[in-house]
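Q: The lines below spell out each chain.
Number of protein chains: 2
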Amino acid sequence: MGLEEERKKVTFCVENLTRFLYAQILPDVSFERIRELKDKILKIPDLNYTLERYHDTREDALNRGIRQGLAMRAIFQKENCTESERRMVMGFFPEITAAVLQYDFFMPAFNLQASEEQKAQYKEKLDNLEIIGCYAQTELGHGSNVRGIETQAIYDNQRDEFIMNSPTVTSHKWWIGGLGVSCSHALVVAKLIMNQQDMGPHTFFVPIRDMRTHEPLPGITVGDIGPKMGNPCADNGFLRFDNYRVPKSVMLTRFARINDKGEYEILDPNALKVLYSSLVRARVNLSRDAWHYPTIAATIAIRYSLVREQFPDPENPQRERKLLDYQIQRSKLFTVLAKIYAIVFVRAVLTEKYNESERRMKNMDGSLLGELHALSSLCKGFITASAIECIEVCRRCCGGHGYSMYSGIPHLYASYLPSATYDGDNSILILQSARYMTNIIKKIHKGEPIPDKYVFLANPIPHLSGDQNPASPSFHQACFQAISYVSLNNLAKREAQFLKNGMKKEKIWTEILQIEGIEAAETFFHTSVHEDFIKGLSLITDPNAKQAIEYLRQIYAITQLDKYAGILINLGASPNVIDKMKDVLLEAFDKTRDNAIGLIEAFEKPDEMLCSVLGKRDGNVYESMLFAAKHLNPINKSSVYPGIQKYLRPKL
Amino acid sequence: MGLEEERKKVTFCVENLTRFLYAQILPDVSFERIRELKDKILKIPDLNYTLERYHDTREDALNRGIRQGLAMRAIFQKENCTESERRMVMGFFPEITAAVLQYDFFMPAFNLQASEEQKAQYKEKLDNLEIIGCYAQTELGHGSNVRGIETQAIYDNQRDEFIMNSPTVTSHKWWIGGLGVSCSHALVVAKLIMNQQDMGPHTFFVPIRDMRTHEPLPGITVGDIGPKMGNPCADNGFLRFDNYRVPKSVMLTRFARINDKGEYEILDPNALKVLYSSLVRARVNLSRDAWHYPTIAATIAIRYSLVREQFPDPENPQRERKLLDYQIQRSKLFTVLAKIYAIVFVRAVLTEKYNESERRMKNMDGSLLGELHALSSLCKGFITASAIECIEVCRRCCGGHGYSMYSGIPHLYASYLPSATYDGDNSILILQSARYMTNIIKKIHKGEPIPDKYVFLANPIPHLSGDQNPASPSFHQACFQAISYVSLNNLAKREAQFLKNGMKKEKIWTEILQIEGIEAAETFFHTSVHEDFIKGLSLITDPNAKQAIEYLRQIYAITQLDKYAGILINLGASPNVIDKMKDVLLEAFDKTRDNAIGLIEAFEKPDEMLCSVLGKRDGNVYESMLFAAKHLNPINKSSVYPGIQKYLRPKL
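Keeping their order, the protein sequence lines are chains F and E. For the first sequence, the working numbering assigns the number 1 to the initial residue and increments by one for each residue that follows. For the second sequence, the working numbering assigns the number 1 to the initial residue and increments by one for each residue that follows.
Don't take each hint at face value.
As the list makes no split between identical chains, a pair holds if one copy fits it or if it spans any two.
[Unchecked claim] With a Cα cut of at most 27 Å, we get these calculated BS3-like pairs of lysine-lysine:
hint, residue 1, residue 2
1, 563, 582
2, 507, 248
3, 591, 504
4, 500, 651
5, 123, 651
6, 563, 446
7, 563, 580
8, 493, 38
9, 646, 123
10, 507, 9
11, 443, 248
12, 446, 261
13, 38, 500
14, 591, 493
15, 322, 505
16, 38, 507
17, 443, 353
18, 38, 119
19, 637, 453
Derived from the structure by calculation, the hints contain no laboratory data.
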């Protein structure tokens with residue numbers, strides 16, 4: 001049975017689900033506009049992928065990235081794209097390039113810290129890539145810890161200039177995206193030093209390469225840091241300053257400046273609040289974008305599992321069974337599917353909260369920032385890790401063939417992987433949230449107000465011994481809340497004990513409570529995600545689609561609750577209901593079998609984006625594999641591989 | 001504090017531990033011989049790695065693999081290596097090449113199935129790589145299921161020849177290691193067809209390429225299947241036969257032949273037993289070799305964590321803390337360390353069992369095969385998966401720098417990854433073991449004898465309510481046994497129920513009990529590993545080393561038991577002892593802090609094998625990174641990257 005027949009089994013209208021999903025994912029771009037842009041993108045060769053990319057040398061990949069950046073600029077300008085549309089176009093082909101970093105990362109950072117005059121001065125040149133900038137914060141020796149940055153910008157009041165210096169090996173700027181070969185300018189985070197006094201980190205927009213020749217300027221050592229596990233198109237670079245002199249005007253002066261008298265002057269006391277808000281933005285975006293890669297991987301794996309057959313069917317020994325008819329394959333792939341839907345629903349809630357915070361920030365009201373920072377750090381930590389895992393599960397679900405680059409999954413995995421580390425190592429971020437949560441517990445004890453998401457912690461612990469419907473959203477939510485309640489209260493109690501014993505807070509949170517902190521934060525994370533899932537479900541109008549996604553909710557809830565079974569029983573859940581939840585789970589896997597292809601194809605990832613021999617819409621797996629190996633693979637160019645003639649045969 | 005000072009803190013003699021470990025790992029090679037071979041290898045450039053490998057194109061990698069194969073042949077011949085020594089040399093630089101496959105995979109398969117005459121005919125040519133063979137079983141459409149193989153060898157009794165054919169797209173041989181560009185011959189598994197009758201799969205040793213020109217022979221289509229996630233040196237290939245005629249002598253005839261009258265004749269009825277034994281051998285080897293890659297990764301990550309500093313030390317704010325002084329880093333890396341030691345101890349037990357089985361097989365006594373098959377499948381499934389995870393944990397523990405190829409960990413991960421899939425997909429193998437275990441339960445019910453490892457299942461369920469020492473090996477073992485007891489008995493009961501309801505066994509094990517089967521098998525796996533760990537510990541004579549590794553045992557036991565906390569309480573463990581186990585765990589992490597470098601350096605992985613800027617013995621992390629980026633990275637060859645001139649600047 002081919003994929004077309006499989007599609008006929010789906011119980012809901014896939015196109016309607018697509019509309020619903022994109023209303024969640026991109027609420028400020030109309031569905032018609034999404035389709036229009038997509039159609040246009042698919043006609044621009046430099047924006048599309050072909051299987052040949054898997055043969056790229058690093059140089060090929062860098063060149064492809066440059067051409068892709070130029071094609072992006074063209075469509076942005078021609079279509080006059082809004083910021084949301086730009087992010088959609090960039091997300092469409094999820095590869096990091098200097099141009100993507102320019103639009104998505106550098107320009108927001110620049111615009112945040114530049115004065116109005118500075119913004120006006122550079123806007124056009126940045127927008128059309130005439131100036132390519134990079135955001136140079138991380139150093140060889142310091143990543144997460146901004147205060148440890150060593151690069152110096154020494155103010156010379158005689159000449160009204162800065163002298164930039166990299167005083168140590170560890171002070172080399174490192175990992176800076178776009179710096180390696182592309183950028184002309186860098187937004188450098190450096191310690192401002194005035195009269196031998198360290199004024200703390202500031203940002204300086206300095207030229208790096210000659211605008212005419214692209215040669216590095218005197219006093220600058222710059223280059224690419226070398227090959228990475230993925231993201232070959234990205235030119236992550238290093239940078240060293242050696243008494244490099246720049247005019248005073250390179251300092252970004254929205255928040256502070258050195259005035260004409262050579263004195264340091266604060267212009268806007270909201271600097272910390274605004275920078276904090278930009279940090280939150282980055283983490284919100286990483287959580288929001290996490291649906292993308294696993295959706296591509298799952299499209300490939302689910303289609304392949306409906307084509308690939310293995311071992312005779314016990315009911316019909318003449319035929320072989322499809323992979324998706326094995327329970328273990330279902331359990332793996334449908335758990336991925338459930339997580340993808342969970343991420344989409346979390347995305348919608350996070351976006352709403354973020355937009356509200358942005359509205360308040362217009363009046364410099366940072367009242368939502370604390371909550372949003374904790375929530376986005378928590379989500380970034382767990383969601384990116386979960387998305388990485390989902391991609392790898394999908395790859396292994398394609399068996400041996402998933403290891404071929406042509407399968408399309410390895411490069412997704414390798415390129416998405418660093419999201420667990422950049423913009424804050426996941427463990428560090430989750431621990432920040434855990435500490436926020438113990439403060440919530442303290443506020444509850446003091447009777448102070450707390451954000452909505454945490455109100456259940458102020459109520460009595462949910463009773464699990466009453467109505468126990470093993471399939472119901474409300475019972476599952478009560479379970480999550482009860483577990484989270486116990487874990488967070490324990491954590492707060494343990495912290496209080498250690499503080500009482502005279503231990504310093506920093507010591508507690510580096511040496512004693514890190515493991516428990518992460519475990520407790522995870523219980524709250526699931527409680528929050530499951531709440532968002534229920535909310536998302538309530539918005540679906542088609543009853544068949546709703547039912548199909550309700551099974552995914554059950555899968556999400558029960559697979560997560562499983563590891564807390566012991567605690568749940570201790571909290572009053574009957575062992576019987578825990579066993580019954582397992583039956584509910586198995587039934588949810590079975591019920592999802594025929595809808596799986598509709599649930600994943602609703603995301604409408606086109607073949608060009610999958611770039612996979614295993615996942616094409618037409619299901620022509622084996623012909624595609626054979627074609628790629630025989631006709632595209634450069635190793636087969638000559639009938640005898642040259643290295644055999646050169647190295648092997650003379651030695652025989 | 002540099003690494004040398006860290007080394008002084010170790011409480012035991014590292015060299016003595018090294019001797020102990022290699023006595024476990026390679027019991028039949030003396031320690032002096034291991035060191036001697038190692039020293040010699042380190043002097044042969046073609047056998048050693050340099051950072052330049054991370055810039056290799058696929059072609060560079062293939063050529064490197066060829067040269068490495070020739071260098072291996074030279075040292076094997078010069079040193080007159082035993083099989084164990086060969087495996088040691090090959091394991092030293094863990095990269096799959098055609099030559100490694102020749103010695104480690106092809107020759108055992110060939111020798112197993114060839115007649116004495118055939119063996120004698122080819123021995124010398126195979127040994128010196130004059131003939132390079134490959135084992136061609138897997139097809140595009142069939143991997144795990146050998147019975148589904150479609151390639152045909154049709155016996156033509158007129159001409160006393162076979163006509164080899166690949167009748168479908170899916171019947172292309174695929175993934176065959178060494179076939180892509182290197183091999184001259186292939187050991188092809190094909191259906192033997194005589195008088196239109198399918199005689200089942202047989203093996204045929206057929207020439208593929210011209211021995212003089214290396215050109216593919218007429219009737220053969222052969223090539224490399226394309227780029228993979230890792231293992232770029234390996235030339236996995238495809239092969240298609242088109243009425244390819246070969247003489248009758250190509251059939252391997254240890255077990256059966258076509259006699260002079262053109263009749264099929266069985267020569268040795270032990271074929272199945274012997275083939276089964278070779279399957280077991282492959283799985284035993286995969287489990288045994290699994291210590292290797294994570295040991296390299298952990299050497300890198302632990303050294304780096306003793307160099308890299310991050311955030312000020314709360315006790316001494318002028319200094320920064322080393323990564324290894326964070327609880328979360330300890331918990332991650334020491335759990336890896338515990339798993340590495342567990343694999344080593346399992347390896348020793350598995351080797352003993354395997355050798356005993358081989359001794360019996362000499363008299364065609366296959367009485368140990370069933371048990372060994374179940375145990376090796378179980379171990380292969382869980383241990384390779386666990387080793388993969390360990391490598392990735394180590395990579396993430398290196399923060400952002402772990403993503404650089406120069407860190408040395410990404411290529412390990414990518415190259416070891418397929419071990420989860422080849423020689424049997426892990427899920428499938430574990431399910432085979434689960435089914436074996438339900439049969440053990442049935443045997444117990446019938447009072448039949450069972451292997452030692454399972455005897456605890458025949459005894460009463462261990463009491464957990466008596467002596468509960470949260471740190472003791474015997475209490476931990478009782479916990480594992482109790483969990484395993486309950487899980488396996490439940491599984492057997494569930495299977496019996498479904499059988500009673502008239503369901504077919506094949507249906508039960510594909511649609512109903514796969515998830516529970518894997519979960520139950522995992523509980524037995526941990527019970528077995530922990531038993532082997534205790535046994536291994538008992539062999540250590542140095543009390544300080546023993547204590548250090550006892551902490552690793554605690555870490556292994558408690559991190560694994562953690563997820564069963566609920567069940568343990570239901571089985572009579574007090575909630576209090578479960579909490580205390582957490583304290584024991586945290587203490588074990590702390591106690592391992594100063595010994596970690598000794599525990600990992602005892603494996604003596606030299607810098608040449610690590611090929612890492614982060615993990616060098618001298619701890620010169622940052623200088624090495626800078627050197628590699630500045631002086632080795634080919635992207636920095638010219639001061640302006642050519643692609644910028646070619647693509648970007650004309651469009652500005």
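Q: Now tell me if each hint is right for this structure.
A: Okay, the hints, checked on the actual structure:
1. In this assembly of identical chains, residue 563 and residue 582 lie within 27 Å of each other by CA distance both inside one copy and across copies; the values are 12 Å within and 17 Å between.
2. Proximity of residue 507 to residue 248 under the C-alpha cut-off of 27 Å is found in neither arrangement, the shortest distances being 41 Å within a copy and 76 Å between copies.
3. Proximity of residue 591 to residue 504 under the C-alpha cut-off of 27 Å is restricted to the inter-copy arrangement: shortest distance 21 Å between copies versus 53 Å within a copy.
4. With identical chains, the CA atoms of residue 500 and residue 651 are never at most 27 Å apart, being 75 Å at best within one copy and 65 Å at best between copies.
5. Proximity of residue 123 and residue 651 under a CA criterion of 27 Å is satisfied inter-copy only: 18 Å between copies versus 63 Å inside one chain copy.
6. Taking CA atoms no more than 27 Å apart as the test, residue 563 paired with residue 446 passes in neither setting, with 33 Å inside one copy and 34 Å between copies.
7. In this assembly of identical chains, residue 563 and residue 580 lie within 27 Å of each other by CA distance both inside one copy and across copies; the values are 15 Å within and 19 Å between.
8. Taking CA atoms no more than 27 Å apart as the test, residue 493 paired with residue 38 passes in neither setting, with 53 Å inside one copy and 54 Å between copies.
9. Proximity of residue 646 to residue 123 under the C-alpha cut-off of 27 Å is restricted to the inter-copy arrangement: shortest distance 25 Å between copies versus 55 Å within a copy.
10. Proximity of residue 507 to residue 9 under the C-alpha cut-off of 27 Å is restricted to the inter-copy arrangement: shortest distance 22 Å between copies versus 58 Å within a copy.
11. For the homomeric pair residue 443 and residue 248, neither the shortest alpha-carbon distance inside one copy (46 Å) nor that between copies (85 Å) is at most 27 Å.
12. Proximity of residue 446 and residue 261 under a CA criterion of 27 Å is satisfied in neither setting, with 50 Å inside one chain copy and 97 Å between copies.
13. Taking the shortest Cα distances, residue 38 and residue 500 never come within 27 Å of each other, neither inside one copy (59 Å) nor across copies (55 Å).
14. Proximity of residue 591 and residue 493 under a CA criterion of 27 Å is satisfied inter-copy only: 25 Å between copies versus 43 Å inside one chain copy.
15. Taking the closest pair of Cα atoms, residue 322 and residue 505 come within 27 Å of each other only across two copies (18 Å); inside a single copy the shortest separation is 55 Å, beyond that limit.
16. For a Cα distance limit of 27 Å, the shortest separation of residue 38 from residue 507 qualifies neither inside one copy, at 52 Å, nor across copies, at 44 Å.
17. In this homomeric assembly, residue 443 and residue 353 come within 27 Å of each other (Cα to Cα) only inside a single copy, at 22 Å, whereas the closest approach across copies is 60 Å.
18. In the homo-oligomer, the alpha carbons of residue 38 and residue 119 never lie at most 27 Å apart, since the shortest distance is 31 Å inside one protomer and 61 Å across protomers.
19. In this assembly of identical chains, the alpha carbons of residue 637 and residue 453 never lie at most 27 Å apart, being 60 Å within a copy and 54 Å across copies at closest.
Checked against the numbered hints above, the structure breaks hints 2, 4, 6, 8, 11, 12, 13, 16, 18 and 19 and satisfies the rest.
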